[in-house]
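Spelled out from the first residue to the last, the chains are:
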Amino acid sequence: MKNKKKDFGPYLYLLPAAVIIFTFRLIPIVLSFIVSFFDWSITGVGGFIALENYGRLLHDAEFWQSMLNTFYLVIFVVPIGLLLALFFANLLNSIEKLKGFFRSVYFIPTVTSMVAISIVWKIMFNQQTGLFNYLLGKIGVNPLGWLAESRGIFDLLLSSAGVDYTAFVTSISGWMHMSYNASYMILAGPSLALFSIIMLTIWKGLGYNTIIYLAGLQNIPSVYYEAAEIDGAGRAKQFFKITLPLISPTTYYVLMMTTITTFQVFSQIYLMTGPPIGGPLGTTKVIVYYLYDKGFGEAGDLSYASAIALVLFAIILILTMVQKRMEKRVHY
Amino acid sequence: MTNWNKTITYTILIICGISMIVPFLWMATTALKSQKEINKGNVGFIPYEEYTAYTRDGVEKRIKVVVAGADSSVVNIFNDAGKIVSAYRKVPNELISEKKKLVFHFENFTEAFNKVPFARYFLNTIIVSTLVVFGVIVTGSLAAYAFARMQFKGREFLFYLFISMMMVPQPVYLIPSYILMHHLGWLDTYNALIIPWIANIFTIFLLRQQFKTIPQELFDAAAIDGCSRFGILWKIVLPLSKSVIVTSAIFGFIGSWNSFMWPLVMIDSPQLRVLQVGLSYFSQEASAQTTLLMAASTFSILPLLILFVIAQKQIIASFASTGLKG
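As given, the protein sequences belong to chains L and A, one line each in that order.
Note that this note's numbering has the first sequence beginning at 20, numbered continuously upward.
Note that this note's numbering has the second sequence beginning at 8, numbered continuously upward.
Hint data in this document are derived by calculation from the structure and do not stem from the laboratory.
Take these hints with a grain of salt, some might be off.
In the BS3-like style, the derived pairs of lysine-lysine whose C-alpha atoms are separated by at most 25 Å in a straight line are [to be verified]:
(1) A:LYS106 <-> L:LYS157
(2) A:LYS43 <-> L:LYS157
(3) L:LYS256 <-> A:LYS13
(4) A:LYS107 <-> A:LYS97
(5) A:LYS13 <-> L:LYS118
(6) L:LYS118 <-> A:LYS320
(7) L:LYS223 <-> A:LYS320
(8) A:LYS320 <-> L:LYS116
(9) L:LYS157 <-> A:LYS242
(10) A:LYS107 <-> L:LYS157
(11) A:LYS68 <-> A:LYS108
(12) A:LYS242 <-> A:LYS219
(13) L:LYS343 <-> L:LYS260
(14) A:LYS13 <-> L:LYS260
(15) L:LYS157 <-> A:LYS108
(16) A:LYS13 <-> L:LYS116
(17) A:LYS106 <-> A:LYS71
Between the sequences and the hints, there should be enough to build the whole structure, so can you do that?
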């Protein structure tokens, strides 16, 4: 029979995409493991150094600082970004007139390039000629340092309320047997410089998340709300008992996407606070910026940068798996 | 919804809508100012200029006060070109006044555009983005057709291998790709910007979902009519999948146009810089020239902004569709 003959057709159709994906995705992923085990630079391959790069990471204060900064970024951007998006999606879902207009307005930052936006926001944050200090001045608030401010936001807030933050950190650091600087970095929260970048990142992602949530809300059948209305459930109760549970698949999607992309933040850090420093006292240096700096900066240490990249990969992989687990448990 | 609720809802939406637009508005108005005004502290939204004027017989001239007196002052008088036409003239104070005038410095745009070869950057970006979109659609349609409509050994395995690679974040394969490009001799060439991106796993996934929804009867009928396998793809499948193809093209184009880290790493030569990289270097070179930076930012986001205004419904629907489980 004709069918018995081997049919190579399907493979021919796959070939172009497969060649590209294997060469430029699969091979590099395998290569990145290999590179991280060697003393590899662009000029040539050095010796096999096994796990030395990973050992170095453990004692690299700059690496831990960039991990902490990345963690701050995620911990602020993800929850605030999600809550705001859910809030606006609900507002948009409740109106009829101008819905499309508002949706488009909120979406504009999503389609514009992070490079241009970072340049604009950097100037907005400028201490002398920026918009933020100008607006603060209008309402009688003293100008802030924004991208140049290395002090943590909790420190700034509590100090302005009259709390002696230095004494507080000193006592805690003595009690925890940690250095003052390390305790300060943890206790004072992200620096105002990093917080400025957090604000920008939330603003940039808000439109996309809102659109996704809005699509999710529109998928909830209105009969549920009608039934709840008859049972006498108020709007707040409807939101918590119907909307929130039924929107949870969307929440997991947005949560995962935002977390993964926030872990990979690079452009805004590079353009607004680097190179070469990575913000005041390195307080905006995040993990991808650090690996870029190590690999392509003065050090040119590609294998060390590869090790950092793989740690990032591991973190993202673990988080994805944890979120998938949780999603299965709370799926409606 | 009660009227009161409605008012609150719209008020919040308007206020927050403004905050989404304000950075762009401020960018455009700052681009129209003169650097002198900004340095003087005029950083509001209106590009006005402040100056001291001497008005006599209805003719206004710009002056600079050298010595201020009680009734009259010693001033320098300038012509329109900013040259002194009369130095140390004593004029009565009542003819001197502080003036504000709207002045739009459109020349900032041409100055920024010509200061570094932005035209070249635009051209590079258009070439790269167009070829990437074209490649992504071609390779994606072929692969998705095989995955959705053909039986072959290893189909499921290959598909899940592709999907799992989609999860790998770009920073992870950036460094090994750089090494790979070095060995291929592609560093600092268009190849490095285009070839690795002409296949996109997400596009394959989207198109496969779409191709699967086409009823089998259409394929059977076409096969009976003697239509070849490729003929079916070309004459039946693709025309029925226009909207998904447009979605893929939109993602491909926006992604390619805005990509930054990859071209930053792969390209060294100034003449091969794409727009985002060129803009980034420009922001370092002209860091003190706020007006030029704002002008450059404005014209570099303009193409996508125009595209968005024209096709906003389609673009938003495309992005929204990514959130729905397919």
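Hint by hint, here is what the structure shows:
no.: 1; hint: A:LYS106 <-> L:LYS157; verdict: holds (22 Å)
no.: 2; hint: A:LYS43 <-> L:LYS157; verdict: holds (22 Å)
no.: 3; hint: L:LYS256 <-> A:LYS13; verdict: holds (19 Å)
no.: 4; hint: A:LYS107 <-> A:LYS97; verdict: holds (23 Å)
no.: 5; hint: A:LYS13 <-> L:LYS118; verdict: holds (13 Å)
no.: 6; hint: L:LYS118 <-> A:LYS320; verdict: holds (12 Å)
no.: 7; hint: L:LYS223 <-> A:LYS320; verdict: holds (19 Å)
no.: 8; hint: A:LYS320 <-> L:LYS116; verdict: holds (16 Å)
no.: 9; hint: L:LYS157 <-> A:LYS242; verdict: violated (64 Å)
no.: 10; hint: A:LYS107 <-> L:LYS157; verdict: holds (20 Å)
no.: 11; hint: A:LYS68 <-> A:LYS108; verdict: holds (13 Å)
no.: 12; hint: A:LYS242 <-> A:LYS219; verdict: holds (16 Å)
no.: 13; hint: L:LYS343 <-> L:LYS260; verdict: holds (23 Å)
no.: 14; hint: A:LYS13 <-> L:LYS260; verdict: holds (23 Å)
no.: 15; hint: L:LYS157 <-> A:LYS108; verdict: holds (22 Å)
no.: 16; hint: A:LYS13 <-> L:LYS116; verdict: holds (11 Å)
no.: 17; hint: A:LYS106 <-> A:LYS71; verdict: holds (13 Å)
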